[in-house]
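Since chain A is already given, all that's left is putting chain B on it; use the hints.
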Amino acid sequence: MAKKVLMCGNEALAEAAIIAGCRFYAGYPITPQNEIPAYMSKRMLEAGGVFLQSESELAAINMVFGSSLTGARAMTSSSSPGISLKQEGISYLAACELPAVIVNIMRGGPGLGNIAPSQSDYFQAVKGGGHGDYHQIVIAPASVQEMADLTMLSFDLADKYRMPVMILGDGILGQMMEPVEFSLQPSAFSLQPKDWILDGCKGRKPRVIKSLILNETELENFNLKLQKRYREIKDKEQRCEVLYGEDSEIMLVAYGTTSRVARSVVEKLRKIGKKIGIIRPITLWPFPERTFKKLEKSVKSFLVVEMSCGQMIEDVKLAIDCAKPVHFYGRTGGKIPDEDEIIKELDAISGFSDRRSDRG
Amino acid sequence: MDKIFEKPESIRDKETHYCPGCGHGIVHRVICEVVDDLGIREKLIGIAPVGCAVIAYDYWDFDVTEAAHGRVPAVATGIKRSLPDRIVFGYQGDGDLGAIGTAEIIHAANRGENITIIFVNNTVYGMTGGQMAPTTLIKQKTATTPSGREQKTHGFPLKVCELLSVLPGVAYAERVSVHNPQNVLKAKKAIKKAFENQIKGLGFSIVEVLSPCPTYLGLSSKDAVKWVGEELVKEYPLGVFR
Chain A
0 MAKKVLMCGN
10 EALAEAAIIA
20 GCRFYAGYPI
30 TPQNEIPAYM
40 SKRMLEAGGV
50 FLQSESELAA
60 INMVFGSSLT
70 GARAMTSSSS
80 PGISLKQEGI
90 SYLAACELPA
100 VIVNIMRGGP
110 GLGNIAPSQS
120 DYFQAVKGGG
130 HGDYHQIVIA
140 PASVQEMADL
150 TMLSFDLADK
160 YRMPVMILGD
170 GILGQMMEPV
180 EFSLQPSAFS
190 LQPKDWILDG
200 CKGRKPRVIK
210 SLILNETELE
220 NFNLKLQKRY
230 REIKDKEQRC
240 EVLYGEDSEI
250 MLVAYGTTSR
260 VARSVVEKLR
270 KIGKKIGIIR
280 PITLWPFPER
290 TFKKLEKSVK
300 SFLVVEMSCG
310 QMIEDVKLAI
320 DCAKPVHFYG
330 RTGGKIPDED
340 EIIKELDAIS
350 GFSDRRSDRG
Chain B
0 MDKIFEKPES
10 IRDKETHYCP
20 GCGHGIVHRV
30 ICEVVDDLGI
40 REKLIGIAPV
50 GCAVIAYDYW
60 DFDVTEAAHG
70 RVPAVATGIK
80 RSLPDRIVFG
90 YQGDGDLGAI
100 GTAEIIHAAN
110 RGENITIIFV
120 NNTVYGMTGG
130 QMAPTTLIKQ
140 KTATTPSGRE
150 QKTHGFPLKV
160 CELLSVLPGV
170 AYAERVSVHN
180 PQNVLKAKKA
190 IKKAFENQIK
200 GLGFSIVEVL
210 SPCPTYLGLS
220 SKDAVKWVGE
230 ELVKEYPLGV
240 FR
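Residue numbers (numbering that gives the first Met the number 0), protein chains in the order written: chain A, 0 to 359; chain B, 0 to 241.
Simulated from the structure, these hints should not be mistaken for lab results.
The structure presented is a predicted model; accordingly, all values stated were derived computationally and were not measured.
Where is the CB? At the ideal position from N, CA and C, for every residue including glycine.
Incorrect hints may have been included.
[Claimed, not checked] Sample of chain B residues lacking proximity to chain A, with all beta carbon distances greater than 12 Å (derived):
(1) Ala47
(2) Lys140
(3) Pro167
(4) Thr214
(5) Gly217
(6) Leu218
(7) Ser219
(8) Asp222
[Claimed, not checked] Keeping only pairs whose Cα atoms sit at most 25 Å apart, straight-line, the calculated PhoX-like set for lysine-lysine is:
(9) A/Lys316 - A/Lys293
(10) B/Lys199 - A/Lys201
(11) A/Lys274 - A/Lys296
(12) A/Lys204 - B/Lys6
(13) A/Lys201 - B/Lys192
(14) B/Lys6 - A/Lys201
(15) A/Lys201 - B/Lys13
(16) B/Lys42 - A/Lys193
(17) B/Lys191 - B/Lys138
(18) B/Lys138 - B/Lys158
[As the list claims (entries may be wrong)] To give an idea of the chain B side of the interface with chain A (calculated C-beta under 7 Å), a few residues:
(19) Cys18
(20) Pro19
(21) Leu37
(22) Lys42
(23) Ile44
(24) Tyr56
(25) Asp62
(26) Thr64
(27) Glu65
(28) Arg70
(29) Ile78
(30) Leu82
(31) Asp84
The shape of chain B in the complex, shown without the other chains:
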């Protein structure tokens, strides 16, 4: 019988530390499938962020480093400029990319750095206990917005793909979601394109992945994916922005 489904070579055979229903495990796996498909594992350098995905190197079976909070695009720049023939990607969460690292992501994008960024937007700071993220929705309750995010106090949800889409250095910006199998397949296609762009030398590519965080949404795993598919996509429409 033909084997039609197996563990990607690039992912370690290890149970993750992620909460049940978390989207990070899916995104990790999709990246590894793409890495295998493109045959780039041995020329790849990944960068883990500060946040829930900080120990991604426990799951990825290729060279990985870990950047200070928000500095993934700067570290990626240093690596890629020093080793232009290697493939360099950064993995960032919404606090890492959209708050403390806003300057780094905008300028790496604007320089047209030939790197790939996978941006996981789950609307909260997971690792530190579910505080408001730059991408938290208006009225969404978090550890630091107990009555819900108010625009008057905390501003608006930050739309990263829209923001970056106006920069000429950006080769590709797409927002995808992993709330159901159909969308996971679309996410894989987008992530693959983001890596292919780098291989072709086209410049900066970013894929924003909407992802469930049941723990800090206060929802069951089932309701969390439903919320992503029904509510989150209204604020963050899926599609190609550049």
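So here's chain A without its partners, still in its complex pose:
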């Protein structure tokens, strides 16, 4: 077993990227993700890769574009305002079918907002963000260990489906320290040769990697090809964690940092015999719809908890076709929902915790 080390989430993610074979990193400073470029600036060079502090987020994502088309595993990271700037490049990566990993350690918005943790870039991450009909796979870690493990998964998924993958963390996951072990090995898939790269046309016909398709029929057909791949991903790559799925009447739904608070609530209420559980989406796109469909019949209502004004809740409602009531509790601006607030919300929904009288 690998040795456990104490690391912050951002550094664990960066180390995992190196283990996954990432050999190109470009990024621009922004809080709260600065530990990633700082770690990479040393570690990437030790690993024989390329570290670049770019002149902008636009340049960083396009450097990643350039590196990816040579077949390298490439990554960039940023936080909310910087991720907005990368959207053009992400659309081009999707259109050119180029794998890349993009890390968003979310902070409060809109605008410059603040540097406190947030989950308010959910829509941007899962609904598109940039222009055109495309998707990126969106992965939501909830611990420092997952910041490492899911980073490795992200590189595999990016290569497997030839598309951008976003790791959606937040300021807490990036900054907090937890024990982590790096026991994973790069998957066999990562060792597959890439037969589409540009590296000079020696011994083969020249290749072109581009996104301009002027002919309407060809562009429609290309979009249909992408959609087919997206359906395959929806079919094969839904991931989530469910606690107490068998008998829960109320299901909390939360991802990332918020899921940790929600989980504590569930454990606390279970101790006093309450039939409550939690669904924690690990892939936000594809959204784990199947799990919701399965639990929809037995669950009486859902409470979605987010550090936003209500974004993932839309996907929960869609997943169950609004068949059951879906409630929402969110904090924003860098505020984090606490256990008591969530329990109070549960009370308001159904007198669930029996603690209403305690508060007079």
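Frame of chain A, contents of chain B only:
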């Protein structure tokens, strides 16, 4: 009889989409001649810009990608840093390089990226319908300066070679023109040097090529080359800047 003139191996046998009298076809061909001369076709990766030259890959017979508008130098950086033993060049127009991509070109140059940039300056946005470019001359009429460019409203023509010449990362910056055969030969010499510099690992090289756009200058092909040779060179003097 000896064959003294033929199609370069690196150019496809294809009619271009460029307007009659446009300079892009000449620049494409000159690049391909240089690629053949240096024997680098099989280790070359070109980057097409957004603009009239976006489908340059239809004419170039080597590996080519296409960058988002203005991002050619960033994409080139990513490629070259990942494959340092390949030859990487970017092809950019005046809007791509001098307006939307100004940050990328300055910083790639300032890092001394070992890449080659061919910068075609024809003073207008051709693909979108002849709007004012950063390099449009004062008083020049375009789709967005119907009364002519005024410095008070739109600022001055941007001098890219002069601007980049002060950066220590730049190994070579020269401005050439393709308005007549004599100058095309000079352009070829400059483009060759810009590629040789990369092969030698000397750092960032840029060749700015003054080129006619008869369609949006509102001139005949003949008058357009005359205008480049007589008027454009006054604002953009030819020569080596670094």
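Verification of the supplied hints:
1. Ala47: violated (7 Å)
2. Lys140: holds (29 Å)
3. Pro167: Non-interface label on proline 167 of chain B holds, nearest chain A Cβ at 16 Å vs cutoff 12 Å.
4. Thr214: Given that every Cβ of chain A is farther than 12 Å from that of threonine 214 of chain B, nearest at about 19 Å, it holds.
5. Gly217: Glycine 217 of chain B clear of chain A: closest Cβ-Cβ about 26 Å, beyond 12 Å.
6. Leu218: holds (28 Å)
7. Ser219: Correct as stated: the minimum Cβ-Cβ distance to chain A is 28 Å, above 12 Å.
8. Asp222: holds (31 Å)
9. A/Lys316 - A/Lys293: Holds, at about 14 Å.
10. B/Lys199 - A/Lys201: Answer holds: lysine 199 of chain B to lysine 201 of chain A is near 21 Å, not above 25 Å.
11. A/Lys274 - A/Lys296: The given pair, whose Cα atoms are some 15 Å apart, holds under the 25 Å limit.
12. A/Lys204 - B/Lys6: holds (19 Å)
13. A/Lys201 - B/Lys192: holds (23 Å)
14. B/Lys6 - A/Lys201: holds (20 Å)
15. A/Lys201 - B/Lys13: holds (22 Å)
16. B/Lys42 - A/Lys193: The hint holds at about 17 Å.
17. B/Lys191 - B/Lys138: violated (35 Å)
18. B/Lys138 - B/Lys158: Roughly 17 Å separates the two Cα atoms, so the pair holds.
19. Cys18: Violated - the Cβ of cysteine 18 of chain B stays beyond 7 Å from chain A, reaching only about 17 Å at its closest.
20. Pro19: violated (21 Å)
21. Leu37: violated (13 Å)
22. Lys42: holds (4 Å)
23. Ile44: holds (5 Å)
24. Tyr56: holds (4 Å)
25. Asp62: holds (4 Å)
26. Thr64: Since chain A brings a Cβ to about 4 Å from threonine 64 of chain B, closer than 7 Å, the hint holds.
27. Glu65: Holds. Min distance 4 Å.
28. Arg70: With Cβ-Cβ at 4 Å, under 7 Å, it holds.
29. Ile78: holds (4 Å)
30. Leu82: Status holds, d = 5 Å.
31. Asp84: Not OK, violated: aspartate 84 of chain B not within 7 Å of chain A, min 9 Å.
Checked against the numbered hints given earlier, the structure breaks hints 1, 17, 19, 20, 21 and 31 and satisfies all the rest.
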